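Asker: Sequence lines, in order, name chains F, S and R.
Residues 20 to 196 (the working numbering) make up the first sequence, in order.
Residues 307 to 1235 (the working numbering) make up the second sequence, in order.
Residues 30 to 455 (the working numbering) make up the third sequence, in order.
Source of the hints: derived by calculation from the structure; they are not laboratory data.
What you are looking at is a predicted structure, and each value in this text was computed from that prediction instead of being measured.
Label-pair restraints from in silico Cβ distances:
| id | chain 1 | residue 1 | chain 2 | residue 2 | range |
| --- | --- | --- | --- | --- | --- |
| 1 | S | Q425 | R | N281 | 54 to 62 Å |
| 2 | F | H48 | R | A44 | 22 to 30 Å |
| 3 | F | Q193 | R | H174 | 36 to 44 Å |
| 4 | S | N361 | R | P416 | 16 to 24 Å |
Some chain S residues close to chain R (C-beta under 7 Å, calculated; not the full set):
| id | residue |
| --- | --- |
| 5 | G349 |
| 6 | C351 |
| 7 | R352 |
| 8 | S400 |
| 9 | L401 |
| 10 | I403 |
| 11 | A726 |
| 12 | Q732 |
The beta carbon of each residue, even a glycine, is placed where N, CA and C say it ideally should be.
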Amino acid sequence: MTTSTIIASSAPKVQARTLSPEETHEIDHELTLYPDRRAVGLEALKIVQKHQGWVSDESLVAVAEYLGMSAHELDGVATFFNLIFRQPVGRNVMLFCDSVSCYIMGCERIKDHISARLGIDYGETTADGEFTLLPVPCLGDCDRAPVMLMAGEQYRNLTKEKIDALLTRVQQEQTNK
Amino acid sequence: MAKISVDGVEYEVNPANNLLQECLSQGLDLPYFCWHPCMGSVGACRQCAVKQYRNADDKTGTVVMACMTPASDGSIISINDKQATDFRSHVIESLMISHPHDCPVCEEGGECHLQDMTQMSGHNYRRYDFKKVTHRNQDLGPFINHEMNRCIACYRCVRFYDDYAGGTDLAALGSHHHVYFGRHEEGTLENEFSGNLVEVCPTGVFTDKTFSAHYTRKWDLQTAPSVCAGCGAGCNTTPGERYGTLRRIVNRYHHDLNGYFLCDRGRFGYDANNSTQRVVETLFRHLQGEDGEVRKALTSTEAARQLDAMSSGELIGIGSPRASLESNMALRQRVGTQNFFSGMSDAQLSCATEVIALLQEPGLNCPDIRTLEQSDCVLVVNEDITNTSARMALALRQATRNAATAMAQSARIPLWQDAAVRELAQHSRSPLIILSPQGTRLDDVASDTFLGTVEQQIALVEGITYAIDADCPASTSSFNFDAQAASIAKQLCAATRPCIVSGISAESIELIRATGNLARALREYRHRQSEVKLSVDLCFAMPEANTMGLALLMREGGGSLSSALSILGKGAADAAIVLENDLYRRAATEAIDAALAGNTPMIAIDQLHNGFNAKAHLLLPAASMAEQGGTWVNYEGRAQHSYQVFQPEGKIRASYEWLVPSNPVSGPTVHGDTLLEELAAESANFAPLLELLSSRTGIAALMKSPRQSHRYSGRTAMHANEHVHETKQAQDPHSPLSFSMEGMLLQKDASLMSAAWAPAWNSNQAISKFQEEINGELKQGNKGVHLLARDGAQRPYSKVEYVAEEGIAKYFIDQLFGSEEISAASPAIQARAVPAYACISHELAQSLGVQQHGLLRLSTNRYSVELPVLIRDRIAAQCVGIYCGSDVSRADLTGKLSVAAVAQDSNVLASSRAMFSSLVINDTLPREG
Amino acid sequence: MTDLPLTKNIDMSRAPFDIGQYRQAQGYDAVLQMFKDMAPSDVLEMVKNSGLKGRGGAGFPTGLKWSFVPSGDDAPKTKYLVVNADEMEPGTFKDRLLLEGDPHLLLEGMLIAAYTIQANTAYIFLRGEYLRAEKLLREAIAQAHEQGLLGKNIQGSGFDLEIILHTSAGRYICGEETALLNALEGKRANPRAKPPFPQVSGLWGKPTIVNNVETLCNLPGILRYGVDWYKALGKGGDAGTKLCGVSGRVNNPGCWELALGTPIRELLEDKAGGMCAGYKLRGFLPGGGSTDFLLPEHLDLTLDYDVIGKAGSRLATGTMIVLDDQTCPVGMVGNLMRFFSHESCGWCTPCRDGLPWIDEIFQRLEKGGGRAEDLQILTDHLEYLGPGRTFCALAPGAMAPLGSALRHFREDFDAHIHSGGCPWRK
Ligand SMILES: Cc1cc2nc3c(=O)[nH]c(=O)nc-3n(C[C@H](O)[C@H](O)[C@H](O)COP(=O)(O)O)c2cc1C
Ligand code: SF4
Ligand code: FES
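Construct the complete structure from the given sequences, taking the supplied hints into account.
Answerer: Structure representation (structure tokens):
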């Protein structure tokens, strides 16, 4: 394996944050799976996102340094993918399927309902930092449309009632904490 | 050769190329964006679509991308087919949907490939009536403007900057129609070749920021074929002038040298021309006058008279490696050969002289820049090429791709399939072995690096030599690097086209001798291996535009700088003329001061005010590269002529014009060409200059070629504030160019074309209309002439006199932005330059007790200086690297050196940290804290 | 023998088989047999003869694709197998069934494919949102390792295989096989030029086979029961079975394994239970979001690559999306156009800049303000973004529903223009 580092001494304005031991441990594991360090870029960003909720500039620079690649190149990868968040997101990211089968099954009305209830549109986060609403391409659950993925859980055959129940539950849990 | 048919006409083409390249080679117009002659095809823009037919019976055909289709024998294609033209007009229509249509305020306007291709593709009516996508722009530093809204996403910028030039701080970001080309955070583009983005970008996203500051449309620039003054590579340029100021420089294609690309010193250094440091007056101070007496301005005639008066007695002349051959020759004629001195430091002169001797040996071939790209194994000895002769470094970077080329050939992937070839090769690279005291900017593509002092490198080079030929003279060094030496020797011997690259920046004759010995050993090895006498590529980077020219001149006689200084110190001459030279940069301060103490009347001719000419009694303003016609000899010994772009205002003249006999009314009576003729006649070494001259005079007899475009505007009005009548065009009886719009565009002869232009091709990409084939020679060549005949005798191995250095080992650092005197006065270059500093390793820092960015005192027994220190990861142990900039004299630091930490306060630390933040090097800097 | 080789172990109401249960159901037998009796070239021959076509969408014969991988002593030592489990095509939910329903079937298929091309490393490129599949696959891989079915010298065969699960981060274009390779290499997922094909220069420049999940899941059956059995599974011109799904306003949306050659009507009416009460069928996309609309009159066609091809569409992923008479066809196509526009990788001009224009036009049609010229512009784009014009098949795929909708539902487009917006919303 050859990797090379070109790091100009012109210190970037953004200083890397220190990756946590868990983060480096998980990235190190990924490194064993690929013959080239830069192949791990996306995985590493996902790992950071798992721990931090999103990928800040400081995290991006840290990962780039860790992998010995340019932060610019890594950002090119980060900004290419839909599910790498380069801005802070809420605790619960609602990945709301807006593709064709869900469309046919009336997902727009459900989405309007969520927006009305939480006061956020696609790409926005509630003021309490609880929810972020994002559209996601077809979640591959079209026979149970409309669907949404939130906090690792897939919610299917969505109705306004189901949404209400779900949001109430999550909000309740948060106040109980 | 293959035959293809394009719209019913048969053409002979090279089947190794793609259809787009071959159509363009045939002079056909076919629009394109993402393809580039040096960067191959990626098929992204889809603009080059043509119709291809399977055979003569196929009437339907398929639309294919010409750039992604091989020009295989028997191909039948149509450019004019309706489906193809419709598709192309559709492509350009959608490329333009978010384009701001801001041509009137866009700096690319008038030389915009997008404008040209839009016209060519037949898009003129805008149907898209929705909101355009807009972007925020970034500040990319002093060289480059960023206007992303003009982007058409051809991906050329990142393909050039990252893939070709090895940059790491420009990337494609985002996706779908939001793709964005920029940095992940705002900041200066670091790569040394960033300026090429200006030409590589087919629209106005990346434009020349220095040009913006005094912008003029391309058609309003007066231009002429010129040569770069930045270093000894001899890249060809097109400077442009308007209203008496030099406005910019763009690349001028030279097949063997720069090709399509320049380095940023060459492109942005021109602004020194307009700098406040410029000498514009003739300044005179009486010899007996008080020190500090204000010098007074003379008229040109008075100045010439004064010069004559001062130089009537026993006169000596000191030449210059950054002055033209004509000017050096004029000085030599004026003072006589025996009174002519080199103006280079003694060490530099002896190095350059040794290089000349080496390059004349049979079997040692000095590669041009294109040939450098061909090498499949490169050994770099000491020279930090990126910082001394950057364009050559760009070529070495390409050379490492020859492994990829070989792999692609065996996998039958056409070489123009750029992405596929890179994908296949991954990190496979041809060997590039770098010996250097510190990490270099080529290390990312190096197969092997060796960090060592000059002495250690000499020992290693001797070791390699020995590993190739055990009969070579034994090394007297106490170092031993046999293991590394054996491995490097093996790689050099295994290569088909090995190349050894070094330079004279270390000013070490031993280094050059040792390198020469290695080349000889390798040559002999190759001779033994094969019937045909295979040569070895060997070259040495030269620091200044005419280092080689002056060194060649010095072979005919004349003396060293130190002998000149001693004559001056003794007061043994009646006067001295110092040509374009800040002698403080050439010899120790003490030595110069001692020479000045001789109180010899001193005449200096120069472009910029400097420490030395401030002390001259008569200072005469010299023309810059763009303001004079002149001849320059590059590192290969290739003499090239640069044409005068414009007539400088006021009293500025080409140096030689001050030096040749002059008529009070009509000015100089001897022309530069006459000087060259005389030089050629006097010396066999310079005889080939006649060829250079005749190639010009032949054409000059015909109608002149205009320096101004046929669209040059405001000619009758531009000086209306000064005179009511139109100013007379300046005359130029000696050159084939005219200072006007009149004349005949020498359509076929790009060597005399003031700027690349052809009907429908307004950008610099018009050059393809003047090449024999794409990427090939210009139709009428512009090669210059080689002054170094390879007819020298085969010399035995040189003896390397190994002298161990006293005190701490040291090396001198060059910086692309700052080391070269003239370009360093350009404001944009200054913005990238750093003051003098020192470099050491962590170990040394620890033992000295100095911290990162702290201060280090460097002392010799006569001189001492405090410099901020950069602790580097990749630096030879136990030595100190010194960058002098314009603040410190290198010569003052020669001799036994000692270093010590200086107590520093936090202010000092903070300011030197800030200073280092604009330095681009190649290793990881330890983070602070 | 079974006639449902893909789904025989699948029951979504319980957890999938672990390795013990899978082996009990004769799982991995085919592989063990293969190691014992067959040279890689034998397997290749068999797969070629089986007539298996890729289930990822393009329907390219699998054996033929494998045969382009260099073999023999001169061949590069490193080769890769890559499983395309990126399933992001709108309306497609078939690979999920296999991944969540029977992960060992995929691993077994991978062993066969990797052995045939002699790849010692295989990557599963899984879309990041398939979290359950990720978990199940990780478990299955670990179990297979434990039982010596992965790793070095598998079952004494001398053959090594490591399977690495790679999860993506959400981009449809990663499903395109060469874009997928770039994504795996950690780069922006722009597609690569073909030629060179991945079989010659793929992942990290090494010979690589990319196959769809379902394609690979066909292999254990073929090896175990043979070519004749496999061919006989198909009722029409194509061999084997196919996962077919139905989504939209039907009574029982879902995904089933059907013999190729089954009439579409059977899928829609018997399996999916017909249209919901009060809804009529207006048309359907037979194989995911990038296929052409077919109409009710096509219901008696059979699920065959050629048959559907002749009718002007593609079987592609086999997951059909039903358009009912109360959903606006313009809205539906507009939804797809927005998807494709957003998922364009941004590499080539027609797709990058053409699709957003189309998207804008659909929005205008929806809101009112659409003009007759807009339809002309849409029509212009059909050829402009058609096959061969763009760098990869994404944009031509997008043109399939658009072009067919303009043909079949032209009156709805006109209605949008004349009634100042979407008549269905009023
Ligand atoms: C835009 C685009 C998206 C694709 N997405 C997928 C996908 O998600 N899964 C898949 O298996 N094939 C997908 N394909 C097809 C693959 O490129 C490729 O043909 C397939 O993985 C080959 O496997 P097969 O031969 O087993 O069918 C896609 C193609 C395109 C053009
Ligand atoms: S058609 Fe072009 S822009 Fe679209 S996804 Fe393919 S390569 Fe990217
Ligand atoms: S030049 Fe051919 S596709 Fe861009």
